[in-house]
Structures are given as structure tokens and as C-alpha cells.
Amino acid sequence: MEQARHHDRNSLEISDLLAELDCTLVLGTHRAGRAAFLSANREGLVELRGQGGHRGRLELVDIGPGKGVWWGVSTSLSCLGLIDDKHGFRPRWHPPFISKRVPEDRCHLSGMTMGDDQPLYASALGDTDTAGGWRARMSSGGILMHVPSNEIILRDLPMPHSPRVFHGRLYFINSATGDLMMADPGSFTCETVTRLPGFARGLACFGDYLFVGVSPVSKEYRFSGMAISPRGAFAGIAVVHLPTGTLAGGIQVLTGHEEIYGIQVFPGQLRPDGLDRLVGPYRRALSILDNRSVNDPLRSWIRRIQELIEMPGSRIEGSRKDHKLGRRRLPQRLTQGMATAALTGVLIVGAGIGSVQAITPFNPQTALHNPFANGSLFYDQEVGTNVLSIFVDIDGDGDFDAFSHGGEDTPARFFENTGSKTSPSFVEQTGAANPLNSVVGSYITPTFVDIDGDGDFDAFSPGSYEDPHQFFKNTGSKTSPVLVEQTGAANSFNGVYVGGYNSTPSFVDIDGDGDFDAFVGASEGEIHYFQNTGTKTSPVLVERTGAANPFDGADVGSDSTPAFVDIDGDGEFEAFVGWGGGTIRHFDTPHNPFSFLCYQVSTTKKTPNFSPRNVQLSDQFDDRLFDVKKPDSLCTPADKNGEGIGDPATHLEGYQIKLAKGQPKHEKRTNVRIDNQFGTLFVDTKVADRLLVPTAKDLDNPVNPPDPSAHNVDHYKCYTFNVKKNICEDDPTVRCKTNTDCTKAGLPGGCNPGFPKGLEATVGDQFADPPKLFGISKPTSLCTPAEKEDEEIKNPSTHLMCYQVKPATGEPRHVPQVGIHLSNQFGSEQLDTSKEKELCVRSSKTLP
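In the working numbering, the protein residues as written are 1 to 848.
Just so you know, the hints here were simulated from the structure itself, not pulled from any lab data. The structure presented is a predicted model; accordingly, all values stated were derived computationally and were not measured. Don't take every hint at face value.
Said to hold, decoys possible - Below, a list of computed lysine-lysine pairs in the DSBU-like style, where the Cα atoms sit at most 30 Å apart:
(1) 606 - 629
(2) 778 - 806
(3) 605 - 806
(4) 630 - 661
(5) 629 - 778
(6) 794 - 658
(7) 421 - 473
(8) 757 - 778
(9) 421 - 737
(10) 630 - 605
(11) 757 - 686
(12) 725 - 737
(13) 778 - 737
(14) 686 - 536
(15) 421 - 744
(16) 757 - 744
(17) 478 - 536
(18) 668 - 606
(19) 725 - 421
(20) 725 - 806
(21) 725 - 665
(22) 724 - 421
(23) 665 - 629
(24) 536 - 724
(25) 658 - 724
(26) 629 - 794
(27) 665 - 737
(28) 778 - 686
As the list claims (entries may be wrong) - Pairwise CB distance ranges (calculated):
(29) 777 - 730: 20 to 30 Å
(30) 813 - 165: 49 to 59 Å
(31) 103 - 152: 42 to 52 Å
(32) 700 - 777: 32 to 42 Å
(33) 534 - 828: 15 to 25 Å
(34) 102 - 647: 54 to 64 Å
(35) 731 - 664: 23 to 33 Å
(36) 427 - 730: 24 to 34 Å
(37) 700 - 647: 20 to 30 Å
(38) 778 - 733: 15 to 25 Å
(39) 165 - 670: 46 to 56 Å
(40) 707 - 642: 25 to 35 Å
Beta carbons: idealized from backbone N, C-alpha and C, even for Gly.
Modelling step: build the complete structure from the supplied sequences, incorporating the hints.
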């Protein structure tokens, strides 16, 4: 990187920095029972939350590698010692003023740093020799010691923590003041490098950057009453550019890690989110490490602390009521006034006081670092009260512009991004330069969507008690918009009154049929659902009520505006709803485990063979007549990685298929994006070669076919494909080798390397009980929900991605099953299983 980028806060992106440094940060909390892994990937920074763990009476607060051993700091015993499997902890050194090794925390040792495989420096909050004696001067009685000589080199420090040697220099933190210090042991002096926000603990270095843990100071804080700096009330990491001593940026951890204690860097680890794909004894390890780089002591230490770490669930847990989307609140109040979740790279929150605040995944941005600021360090761009900010690339120049309402009887205000995609600068445009200048009303906040599929953005304005939503068709182009109001039948919301002001519609393809549906919040707390029963280019919005509305029965609060995104990668949209109470609420689709373990099969001897037939299959790719040849697989409902089984009764039987004679060939689709818990892939489809049919199974007796009205499983048409490698996720036509290649091309989403090696999953079903570990070697087919002979598709947005699997080394092999009775719409038959063939998992599909 260029030198200027190291310390320019306006240009530095922390995710880019971590990607370029090729490292992952690991955070530990004060109680040492939680850990978070932060890295750069295509979804942004990833946090893997942990759970509380037991550390006994040692109060082990810091560790460091020695020669074939690991050292640790015990505050309880006031000593440094060795960690091993036999004794757990063996005391080896204590300060010379400590007369007795008892668990009384006599000086509160707070950290150490290593040198030549031995402890070199140690910090403590006092030089006392009585139980808790350090507390009398804990804000000013700290010391820094040279361990080999037992010499105190610095005294009267305000809670020193985390001594570290970087580039031949000794650094530490004065936690009570938030000062990053550099010490000169020879002259017994120190100097301040920079002042950090909040209470600082934990220090790591990589390249030219220091990563420092910072925490808020709460009323419950155990050191309350001290003169601890109150600046920066957030938990996370401050990033310091070491050569210049400047604060380069920060990473904010919103919940679960309120007291950051330690930070470590994992070099060469860019995707720790892969941990949740692991199973067996390694599932709770701290990192995916190559065996050649892990010595025995480290492996032992990982085993000792593995129970302290828990991999995250695929969603936030919470109670669900009778409606389809279970309500839960985000754990942090963002601001008073109306709040809209933009769910882009930056969340812009509008407040009733009339200013705009940018909240990134790292920390709140104000003043010069807020793209709405006008140049004054303490002045924000004024945009009015009860703001809702809408972001859209209205002029097609590759960056986001902004709209907000203008108050009563005024047009919506337009802020053009005169900067760039990565360095935005918003300048208000008025008159003819404002595409909505002619639209006058009260508190107009538009929603932009390409509702007619012509490649440019159209606009909808909010409705009210008395007025329907207005529709403004873009009669210009993608780069030169001309928004013209459409009335009567030309307005998809003609005659629709939902009640209340600011009832801004939100658009999403909620049913996965390729066109936009709409959701509109009302003042009484409900959200109205309008399904697009037309097409992508000719929309017809029809309101659905009762059970047909995913928000049926949900009270989301007044003045609500939903936004939709698949935030947890499970193939289903989640909703984030801002409302007048000032919080953002999260609604998630109730989890329905949907995985199948498929077995290779053959017809049981002395039983009738399958009779080939023709069948018409229609999906989102094409509508063709196929010859159904013979069965080749039985897919059983499976429990993948402990997720459970949604429908244990309905199986899928796989049949080989081939286009019927005279049918047009499949039109290959390129750069199809597939997302699931194994990551993101881009594929080019080739041919459809298999059909999965809902099937009933019985091991011993004939069985009736499943009733289509009694289950929620579709038919699936499966395609072979080629996996794309080394492409930018924001534009799969751009090739890359690293994330930096994409960033240079103005594509911050990162570089997709293709399918990763070494994936594993624990899978259990009726044949694999208890569950066993499988290696996942490669993806084999993309299965799309299909309409068979005019049977309606139940879940158009739920696809299956199938992967070739094989039991891991040491796992038992499949015991073949003979004469299994199966029945579906093609008839009844008996099949024998021979071995596991594929694992098919719920996935989402996005066309370019």
C-alpha cells in the first residue's frame, strides 16, 4: 500500500487492511470466556461469538509461546507459569516483593511479553504483598517489570496492561487513561504514542499497524469510581498506524464482548468463518491451522480451551409467535426518531434532531469522516427532522447518491455523490438537477426500484391516510433519469391506502419468482404485503392478507419501513424494520432444516424395474419435456451439523432425465450466484440431468405416496455446471487473484476463489445414526424447484446445492439397505442402497 493510505482515515477501509495484511484478529473478553474472530471476507467482518467458560482460581489473563511450552499469567497466584497437560499450570516466576504464592491476587499481574522464548516484561497494578492490596492505588500505582532481572523499570502507572515488544521497542497501555505508551527500559522513561477511546486493554501488532482493544466504561464496571476516560463508549478495536502514531480507524463489536481483554493476530487466516463448517474434535478449536505449523504444546493448549469457544448459530435465537416471521429486537438502541436500515456497506440513521449519522461496521463516523459533513469538524449536514435517507445510484455512475424528504409541502431533497464509490461526498442538487424536484408533498421519501425491468430506477413515494402511493416511471435512461408520475391503472398502487404517514414501500422478490413484491408499513403497527402476480416487466401488485402475509399478526410499531436481506446466508430473506420508537427490529424466517443425504441405489432383485416415461418440467430457467430414465438415488432427510430435521417423513427419489427428442436445448445461464452455509459460488449451468421427486419410504412394508397437500417439499430439476474461479463477487466478469485486485477495479466485494478444499460436515439420518463426519469434495448439481405437470411450486426461493461426499477416515461405512419400499407419483418400487453419494443443502440463487 502507499504510505498515505496507512494513516488517511478518509481512505482507509479496515476490511481492506485486514485483507491486505492477510490476517485475522482474535478478541478475548475480560472473563476469558468469549472469543471473536474478525476478518475480511465478502460479507464484511465476521464475529464468532463464544460462551462462558470456567478458568478455576488461576485467573489466567495472558499467554505467550516459549520454546516447546506455553507461558501464562495468573493474577490469582501473582505469578507467571507454564501450561501443560499434566499439571495444568506450573508456577515459574513471581515478583520479588511477593512473599507467598497463595490465590489472593496480591499485585494483580495484568500482562507479559516474551523474548527469546522466556517472559521478558510483565505489568502489574501494584507492588503490594497483601490480598487485594493493589486496589488502594489501582489508578496510579501500576508498575512495569523486567522479568529476568526482577527490576521495576517504571512506577506510578495508571493501570498498565498488555506489554508488547514490536520492532525492537517496548509498548504498553495505560488502561485508566487510554494512552498507548512506548517505554525506554534503559532510561526508565516512557512517552505517549497516542490517546485511545475508552478503556484500553489488549495489544497486537502486524506489519505497520497496532490493534488495541477498547471498551466502554459502564456503571457496573468493577473499577467504577476511578478517573477512567469516558471517551468512545464502544467495545471493539482501535487501529493505530505505528510509523506515524496516528489513529487509523476502528472496528466496533456491537454486542457480546463488552469488555475486550486480549487480541491476537492469526497470520494467513482470512476466512475464520469456515470454523462453523467443521465438526468433530476440531469444531471448537480457535483456528484452522495446518498441522505442519502447529507444535504439540499449542495443540495441547487448544484442546484445553476448546470448550470455551462455541461456534455461532445460523441466526439470532428468539421466541416466535403465530406469524411467519419471528420478532426480535436488535440489542442496541441506535437513535431517537425514525431509523431506516439501509443494509448496504454503511448504515445511515436519521434522527429527530435533524442531523445524519453514518454507522459503519466499525464505529460511528462523525464530522469529517461523515460523507454528509460540509467541512466543519463539528458540523453535520442538516437535512431536516424525522429523516429517512434513501441511497440509490440514480445517475448510473457506479456510486450511491442520496435522497431525503424536504419537510412539509416541499420536494424530496437530492444529494449527488460527487465523490466515488469508496470515498463518497454528498452535495445537494436543486431545481432541474433534482430528479424529484417537481414532486411536492409532505415528508416525501421515495423508494427506488426497477419495477418494470428496463434497467433503470423508477420511484414510489409514500402514501397516507388520504393519498395512495405515487408512482414515477423513469422515462429517461439509467444515466439520465426523467421521473414522470403515472396515475390510474398505470400506477401499481392505484387506490391503495394503508393508513398513516411515511408509509414507504419496500421491494423484494420474497417469493423467488423473479419479480419484485412490495411491503408497506402502516401507522397501526402492521405491514401490508403486495404480491406481484404479473411479471418482471409488467407488474401487478395484489395485496395478500391473513396467512398469505408473512407479517400476519406482527405488530412492528408505527411509521415502519422494512428492509430485506439474507443476513445469515440460509437462503431466506430476513427483515429489518425501523420504526418511530427509534429501534431496528429483526424478523427472521422460522428455521426449517432442509438437508438431504443421498445414497446410490439400484433396483432390488426380483422386483419390477422402473418404467420410463415423459414429464413436463418448468422452472426459472426453462420449460421442457423430459424423458425420465431410471432411479439413481434416494435422498433422506438429514441432520447437518446438529441443525435438526424439518420433515422426517418426506424423502426425495432421484431419477436420471434427458431432454425428449425435438425439445430445444437448455440455454446455459452464466455467473449464477449460489449462497449457502458452505459459502458462495458462481456457476455456469450446462444441462439438466436429474429429477428429485417427493417420496415416501418404509423399510419393511409397502407405503402410500406422500400427499402433496400434507408436505412442503417441491420437485427439483438438477443441473450440472462449471464452477467459476478467481472472479470478483461484485462483477463476476472481472478476473482476480486477491481481494486487492477487485478493490482496485472499484469492486469491494472481494475475490471469489471458487470451491474451497477441506470442507467437512457431520450428518445423521435414519441410516447414519449416530451422525458421522463426511468430507465434502466438490459441488455436483444445482437443483431448482420445478413445476411438474402444472403442479404449483411450494417454495420458489429454496434451491438445493448438492455436493459429493465421502465418510471421513475412521468413520464407519454405510451398511447397505436391501428392499426399501418407496412410493411417489411415478408409482411404487423397491430399491437397495450401496453407499452415500451426495449431500444436498438449502441454498439461495441469484441470477446476474
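Hint-by-hint comparison with the structure:
1. 606 - 629: Measuring from Cα to Cα gives roughly 19 Å; hence the hint holds.
2. 778 - 806: Holds, at about 11 Å.
3. 605 - 806: holds, 26 Å
4. 630 - 661: holds, 17 Å
5. 629 - 778: holds, 25 Å
6. 794 - 658: holds, 24 Å
7. 421 - 473: holds, 26 Å
8. 757 - 778: holds, 8 Å
9. 421 - 737: Judged against 30 Å, a Cα distance of about 21 Å means the pair holds.
10. 630 - 605: holds, 15 Å
11. 757 - 686: holds, 23 Å
12. 725 - 737: holds, 9 Å
13. 778 - 737: holds, 21 Å
14. 686 - 536: With a Cα-Cα distance of about 25 Å, the restraint between residue 686 and residue 536 holds, given a limit of 30 Å.
15. 421 - 744: Given that 30 Å is the threshold and the Cα spacing comes to 11 Å, the pair holds.
16. 757 - 744: Cα-Cα ~27 Å, so holds.
17. 478 - 536: Measuring from Cα to Cα gives roughly 17 Å; hence the hint holds.
18. 668 - 606: It is violated: about 41 Å lies between the C-alpha atoms, which goes past 30 Å.
19. 725 - 421: Holds - the C-alpha atoms of residue 421 and residue 725 are around 25 Å apart, at most 30 Å.
20. 725 - 806: holds, 24 Å
21. 725 - 665: holds, 26 Å
22. 724 - 421: holds, 26 Å
23. 665 - 629: holds, 18 Å
24. 536 - 724: holds, 27 Å
25. 658 - 724: Since the Cα atoms of residue 658 and residue 724 sit roughly 25 Å apart, the hinted pair holds (cutoff 30 Å).
26. 629 - 794: holds, 25 Å
27. 665 - 737: violated, 34 Å
28. 778 - 686: holds, 16 Å
29. 777 - 730: 20 to 30 Å: Given a distance of about 29 Å, which is inside 20 to 30 Å, the answer is holds.
30. 813 - 165: 49 to 59 Å: holds, 53 Å
31. 103 - 152: 42 to 52 Å: violated, 23 Å
32. 700 - 777: 32 to 42 Å: About 34 Å separates the Cβ atoms of residue 700 and residue 777, which means 32 to 42 Å holds.
33. 534 - 828: 15 to 25 Å: Check failed, 41 Å falls outside 15 to 25 Å.
34. 102 - 647: 54 to 64 Å: Distance hint for residue 102, residue 647 holds at roughly 59 Å.
35. 731 - 664: 23 to 33 Å: Check passed, 30 Å falls within 23 to 33 Å.
36. 427 - 730: 24 to 34 Å: holds, 25 Å
37. 700 - 647: 20 to 30 Å: With Cβ atoms ~21 Å apart, the hint holds.
38. 778 - 733: 15 to 25 Å: holds, 24 Å
39. 165 - 670: 46 to 56 Å: holds, 52 Å
40. 707 - 642: 25 to 35 Å: holds, 30 Å
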